[in-house]
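Using the sequences plus the hints, can you model the full thing?
Residues in the sequence shown are numbered consecutively from 1, following my numbering.
To be clear, the hints were calculated from the coordinates, so they are not data collected in a lab.
Built from N, CA and C at the ideal position, the CB exists for glycine as well.
Be careful, since some hints might not be right.
Said to hold, decoys possible - Restraint ranges, calculated between C-beta atoms of paired labels, are given here:
#1 V459 - I96: 33 to 43 Å
#2 E333 - T288: 24 to 34 Å
#3 T386 - V459: 17 to 27 Å
#4 R425 - S397: 14 to 24 Å
#5 Q383 - L80: 22 to 32 Å
#6 S397 - R418: 14 to 24 Å
#7 D373 - T207: 45 to 55 Å
#8 N448 - Q250: 36 to 46 Å
#9 S487 - P374: 38 to 48 Å
#10 D427 - L98: 19 to 29 Å
#11 S467 - G438: 23 to 33 Å
#12 V215 - D484: 25 to 35 Å
#13 T386 - S487: 35 to 45 Å
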Amino acid sequence: MPVEGGSAGGGGGVRRAKQKRKSHSLSIRRTNSTEQERPGTLRDAVDAQPTGIQYSGNNLPLRMEDSKLPMSVRSNLLDLFGQIEREFENLYIENIELRREIDTLNDRLSADGQTVDGGDLTKGALKTKASHSTSQLSQKLKTTYKASTSKIVSSFKATTSRAVCQLVREYVGHRDGIWDVGVTRTAPVVLGTASADHSAMLWSIETGKCLLKYVGHAGSVNSIKFHPTEQMALTASGDQTAHIWRYMVQLPMAAPVPEVSAPCDEEVDFSDKDEVEGDPDGPSECPTLRLASATLRSHQGVVICADWLVGGKQAVTASWDRAANLYDVETSELVHSLTGHDQELTHCCTHPTQRLVVTSSRDTTFRLWDFRDPSIHSVNVFQGHTDTVTSAVFTMSDNVVSGSDDRTVKVWDLKNMRSPIATIRTDSAVNRISVSVGQRLIALPHDNRQVRLFDMAGVRLARLPRSNRQGHRRMVCCTAWSEDNPSCNLFTCGFDRQAIGWNINIPALLQEK
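Written out as structure tokens, the structure is:
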């Protein structure tokens, strides 16, 4: 994390303050609490703990004094360790408070003739007496505890009926990480990938062969979206532009599909040193396209995403300059500039049947822009997350699904956006999500190389397999569903330079739920 480096003369007071900090054995629990909210008696209890750090004459730890690092670097390190230590102290103090609350609850239960079994809330069992009043109190406590934890537990536990996931094909050829993946909406159905190597590629889904390579951008290609009715692609780039380019491809003969399948919850870790096999210079004999049909300009920063409005006559772009722009595709002219976000935009998405746009940002919000009435362009701001909103997408049933770096995914109803109708809690930051049209499944790509599947109610259905021979080796950046290809209906891409096609078979019982 960024810190301000102090001078050697002004760092003595800071280091003397750090001398009073102690190291402890802590029971760690994530919290947003601050030190100032804690009672003084608890702070005294923390400071009374023993420490194993010995300081030298100039107030630096002995190991730090022997270090060859410059004074400014050592001062910055001490500042960082001090921040970490303060956070750990906050966690420790909060755990003490929670323990006191548990003891108070035990005392009340004992007074009413009942106890908590060993004080262990994870067991959730209350021993009650024979009286009718204490039985009711016990039942109420159990109901409250189960209600408060059911949402968290349901996000992590596996379902009894396991979906079957088959890795169908790997698409290898990019020379850098792949940011985005998409599937054409019209025939011929092909796969598109956008990469940090300044190129976008079109692939044969059946054979894994590169059909076309677009190299018109001068920066990283951050997203790719296909026109709803024509053979045109829209790409956004770090060169501060979005390009519209036409393609003509011919699909080769299909190759046999390897028989590799596994249950979706298999997880065998492997070394990060494993690299994707293939030609490091990209696919051979791949036609190259260098010129765009139209260039959309006006942003003052990286264009992180772009999408077509319904009908394909207009396009919207999202940029790090904190604005989203609406363009006329035929003339490439700017129609509207959508401003209001306080920080960089991360994603934009359009409704499949209505003139609605949703943009997400690092300011922890996402905004809904309504262009259905030509005379009124309304905007609504939604603050449902506590960290960067990495993506927000529409569904066919008028829902919005948002994902965030706060490790949650939330499902919203467009008719009532005051609170989410479902919340999914995960163990890693969530990147660009996608929702299938037919089965209404949400695919979540994670920083920790996992891909998980949930339904719209927030129930976890599957986790794509990861082993030595299949799965992503780096962060998974994006997912995309293909409704027209039953043999390969989910695609994922990551920073391991490859895209993967999967066949997801969800049992009918799970779909009904």
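Against the structure, the hints:
The hint said 33 to 43 Å for the Cβ distance between V459 and I96, and at roughly 36 Å that hint holds. Look at E333 against T288: about 29 Å separates their beta carbons, and that is inside 24 to 34 Å. Distance hint for T386 and V459: a CB-CB separation of about 23 Å, consistent with the stated range 17 to 27 Å. As the Cβ distance of R425 to S397 is approximately 23 Å, the hint placing it in 14 to 24 Å holds.
Separation of Q383 from L80 is about 30 Å and conforms to the stated range, judged on CB atoms against 22 to 32 Å. Range check, S397 to R418: Cβ separation about 18 Å, and the 14 to 24 Å hint holds. A beta carbon spacing of about 46 Å between D373 and T207 agrees with the range 45 to 55 Å that was offered as a hint. Checked against the given bound of 36 to 46 Å, the beta carbons of N448 and Q250, roughly 39 Å apart, stay inside it.
Distance hint check: the CB atoms of S487 and P374 are about 43 Å apart, consistent with the given range 38 to 48 Å. For the pair D427 and L98, the supplied restraint of 19 to 29 Å holds, since their beta-carbon distance comes to about 22 Å. Checked against the hint of 23 to 33 Å, the C-beta distance between S467 and G438 comes to roughly 29 Å, which is consistent with it. The hint said 25 to 35 Å for the Cβ distance between V215 and D484, and at roughly 28 Å that hint holds.
The hint said 35 to 45 Å for the Cβ distance between T386 and S487, and at roughly 40 Å that hint holds.
Comparing the model with each numbered hint stated earlier shows that all of them hold.
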